[in-house]
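Here the structure of chain X is known, so what remains is to put chains V, E and C in place on it, guided by the hints.
Chains as they are written, first to last, in this note's numbering: chain X, 438 to 585; chain V, 438 to 585; chain E, 438 to 585; chain C, 438 to 585.
Heads up, a few of these hints could be off.
[Stated by the list, open to error] Straight-line Cα separation of at most 27 Å, DSS-like style, residue types lysine-lysine; simulated pairs: (1) K450(X) with K535(C); (2) K450(E) with K450(V); (3) K537(C) with K450(X).
[To be verified] So the derived label-pair ranges between C-beta atoms look like this: (4) N558(E) with Y487(X): 21 to 31 Å; (5) A491(X) with G460(V): 14 to 24 Å; (6) L509(E) with E572(V): 24 to 34 Å; (7) G538(C) with F446(V): 47 to 57 Å; (8) G538(X) with A507(V): 32 to 42 Å.
[Unchecked claim] Example chain E residues on the side facing chain V (calculated, C-beta under 8 Å, incomplete): (9) R452; (10) G453; (11) Y454; (12) E469; (13) E472; (14) E473; (15) W476.
Simulated from the structure, these hints should not be mistaken for laboratory data.
In this text, all values refer to a predicted model and were calculated from it rather than measured experimentally.
Each residue gets a CB set at the ideal place from its N, CA and C atoms; glycine is no exception.
Protein chains: 4
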Amino acid sequence: MSTDFQPHFTDIKVRGYHLDLYGHVNNARYLEFLEEARWGFTDSHGSLDYFTAAGIAFVIVNVNINYRRAALMGEELRIETAMKKIGSRSGVIHQVVKLKGTDTVVADADVTFVIFDTKRNAAMSMDGELRAMFERLPMWPAKEHKAH
Amino acid sequence: MSTDFQPHFTDIKVRGYHLDLYGHVNNARYLEFLEEARWGFTDSHGSLDYFTAAGIAFVIVNVNINYRRAALMGEELRIETAMKKIGSRSGVIHQVVKLKGTDTVVADADVTFVIFDTKRNAAMSMDGELRAMFERLPMWPAKEHKAH
Amino acid sequence: MSTDFQPHFTDIKVRGYHLDLYGHVNNARYLEFLEEARWGFTDSHGSLDYFTAAGIAFVIVNVNINYRRAALMGEELRIETAMKKIGSRSGVIHQVVKLKGTDTVVADADVTFVIFDTKRNAAMSMDGELRAMFERLPMWPAKEHKAH
Amino acid sequence: MSTDFQPHFTDIKVRGYHLDLYGHVNNARYLEFLEEARWGFTDSHGSLDYFTAAGIAFVIVNVNINYRRAALMGEELRIETAMKKIGSRSGVIHQVVKLKGTDTVVADADVTFVIFDTKRNAAMSMDGELRAMFERLPMWPAKEHKAH
Numbered sequence: 438m439s440t441d442f443q444p445h446f447t448d449i450k451v452r453g454y455h456l457d458l459y460g461h462v463n464n465a466r467y468l469e470f471l472e473e474a475r476w477g478f479t480d481s482h483g484s485l486d487y488f489t490a491a492g493i494a495f496v497i498v499n500v501n502i503n504y505r506r507a508a509l510m511g512e513e514l515r516i517e518t519a520m521k522k523i524g525s526r527s528g529v530i531h532q533v534v535k536l537k538g539t540d541t542v543v544a545d546a547d548v549t550f551v552i553f554d555t556k557r558n559a560a561m562s563m564d565g566e567l568r569a570m571f572e573r574l575p576m577w578p579a580k581e582h583k584a585h
Numbered sequence: 438m439s440t441d442f443q444p445h446f447t448d449i450k451v452r453g454y455h456l457d458l459y460g461h462v463n464n465a466r467y468l469e470f471l472e473e474a475r476w477g478f479t480d481s482h483g484s485l486d487y488f489t490a491a492g493i494a495f496v497i498v499n500v501n502i503n504y505r506r507a508a509l510m511g512e513e514l515r516i517e518t519a520m521k522k523i524g525s526r527s528g529v530i531h532q533v534v535k536l537k538g539t540d541t542v543v544a545d546a547d548v549t550f551v552i553f554d555t556k557r558n559a560a561m562s563m564d565g566e567l568r569a570m571f572e573r574l575p576m577w578p579a580k581e582h583k584a585h
Numbered sequence: 438m439s440t441d442f443q444p445h446f447t448d449i450k451v452r453g454y455h456l457d458l459y460g461h462v463n464n465a466r467y468l469e470f471l472e473e474a475r476w477g478f479t480d481s482h483g484s485l486d487y488f489t490a491a492g493i494a495f496v497i498v499n500v501n502i503n504y505r506r507a508a509l510m511g512e513e514l515r516i517e518t519a520m521k522k523i524g525s526r527s528g529v530i531h532q533v534v535k536l537k538g539t540d541t542v543v544a545d546a547d548v549t550f551v552i553f554d555t556k557r558n559a560a561m562s563m564d565g566e567l568r569a570m571f572e573r574l575p576m577w578p579a580k581e582h583k584a585h
Numbered sequence: 438m439s440t441d442f443q444p445h446f447t448d449i450k451v452r453g454y455h456l457d458l459y460g461h462v463n464n465a466r467y468l469e470f471l472e473e474a475r476w477g478f479t480d481s482h483g484s485l486d487y488f489t490a491a492g493i494a495f496v497i498v499n500v501n502i503n504y505r506r507a508a509l510m511g512e513e514l515r516i517e518t519a520m521k522k523i524g525s526r527s528g529v530i531h532q533v534v535k536l537k538g539t540d541t542v543v544a545d546a547d548v549t550f551v552i553f554d555t556k557r558n559a560a561m562s563m564d565g566e567l568r569a570m571f572e573r574l575p576m577w578p579a580k581e582h583k584a585h
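Looking at chain X on its own, in the form it has when it is part of the complex (with noise of 0.2 Å):
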């Protein structure tokens, strides 16, 4: 609850191909911006290359998507990201869309994941190592996820 929580930032600005039939960024393109964004939070920390060098994939198996506003064309969104919780097998990374230099909620997802050891083909524990590589991660403040 420290005032010092910072989540990682992604602009996007709207563009013609972002839309859709109705003039509004389609539901499946905001997947993309979420992986973008999920990228983006991942080189800020390092942690792609840990992944690759142990053999291990990142596997998303839910996320849970709330459209809220629609996001229109030359809008400029900032996606929010940080981690919400580390589970014992899972984690989950919450994203929140918004219009930016606002307030305004254009989006926000729970995307749930597993770290999956590519060798064994299984899950892996989130414990040792690799639940403190997540624990170094911005998370959001109990508080502040709550108003979301």
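Chains V, E and C only, in chain X's frame:
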């Protein structure tokens, strides 16, 4: 729970451009597959004309998707689509992506929508003619749905 | 020029997620439509297995696409695909996107490719068994092609 | 040929969802990269507002793209965009995708467009104020362009 329930079927073969870094169909692409299947579902039941004529729009407010098994190059997928729930102000479509000809579930999703009156700029109550239209669509039997 | 020439046909119906800002199928999306049609072309002639077995890859080096008429929501497109030219080190596939059941051309493209030997890391000469394989594919008659 | 020519720059980092079967950025995706860069080019020169106000649309009639080197996961691309030609009824934008910070060309494209008068439903002549607007944009020097 009659035995003659039949969801709408949409078949898609996995192609090179559907895949990502891991050689699996990308998470975002499934939302396009699901949208494709919903348009097929709509085509089969003529509701698009009704919507256009009535000045109303189908707006998705939540997608909750489970990714259960990676889909690979050349695999044939069958998407089963039917209504799951018709609430007072929203509805839920349930969609299951299987390996065609098998019971292997690749992904399944609940897609929650509202019907939006574009003239009044507000979600409509799901009653009267509108509710009747949705009640005429195929609906997942309670039991079969639980299996997922 | 024989009357029994028949390109490969792939049918695609324009959906909401294919459209962009202008309510037209987006320029980039056509390249996915063309790729879809080439995979169908390949499926029909069994060459993918040959490629995989031989450790060779199909690599596109140029796409030259004309956008002739916007495609709109709900329109049914038919993509015609056949070989146009087999050179000494590259080949050209010509693809025409029409409104299904009409002669109206929506888009047409020349797609130039090389066959890449992934072991030697070099483009292969189009001769011997490789050339024979391409010569067995449907080829646009010189005259018909000029019409485009 | 002056030394102060500067195209518009757009930077894109290759992410997992950009890749396809071969682990390379997919052919279709480059057209989205080029569109992203053209919107940035437009943003920098304020022409979108002009277009919207004048009831005219920018319509692409041909894309001729060379794929010169596969782009891989994590690579940083820089897209250079400038005018190549202003004809009497059409124009050409030339775009070059390089590995950022190098002269390695990943792809380059000529994008031919017409300006469409949506009220008269016809392509406009590129003269008067319209031509002047395009002449104020950065233009590839004849010599530098030949290098591609």
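Evaluated hints:
1. The suggested pairing of K450(X) with K535(C) holds, with an alpha-carbon distance near 22 Å, which does not exceed 27 Å.
2. Distance restraint check for K450(E) and K450(V): the Cα-Cα separation of roughly 15 Å lies within the 27 Å cut-off, and the hinted pair is therefore satisfied.
3. Only pairs whose Cα atoms come within 27 Å are accepted, and K537(C) paired with K450(X) is accepted, the gap being roughly 21 Å.
4. Taking 21 to 31 Å as the suggested C-beta distance range, the pair N558(E) and Y487(X) conforms, at roughly 30 Å.
5. Between A491(X) and G460(V) the beta carbon distance is about 19 Å. The supplied range of 14 to 24 Å therefore holds.
6. Taking the beta carbon of each, L509(E) and E572(V) are about 31 Å apart, inside 24 to 34 Å as hinted.
7. A hinted range of 47 to 57 Å holds for the C-beta pair G538(C) and F446(V), which are about 50 Å apart.
8. Distance hint check for G538(X) and A507(V): the Cβ-Cβ separation is about 39 Å, which falls inside the suggested range of 32 to 42 Å.
9. Using the Cβ-Cβ criterion of 8 Å, the hint placing R452(E) at the interface with chain V is satisfied: the shortest such distance is roughly 5 Å.
10. A cut of 8 Å between beta carbons decides the hint on G453(E): the least distance to chain V is about 7 Å, and the hint holds.
11. Here the hint on Y454(E) is kept, as its CB sits about 5 Å from the closest CB of chain V, short of 8 Å.
12. A least Cβ separation of about 5 Å between E469(E) and chain V falls short of the 8 Å threshold, and the interface hint therefore holds.
13. Annotation: interface hint on E472(E) holds; nearest CB of chain V at approximately 5 Å, less than 8 Å.
14. The interface hint given for E473(E) is met, as the beta carbon of that residue sits about 6 Å from the closest beta carbon of chain V, less than 8 Å.
15. At about 5 Å, the closest approach between the beta carbon of W476(E) and any beta carbon in chain V falls short of 8 Å, and the interface hint on this residue holds.
The structure is consistent with each of the numbered hints, conforming to all of them.
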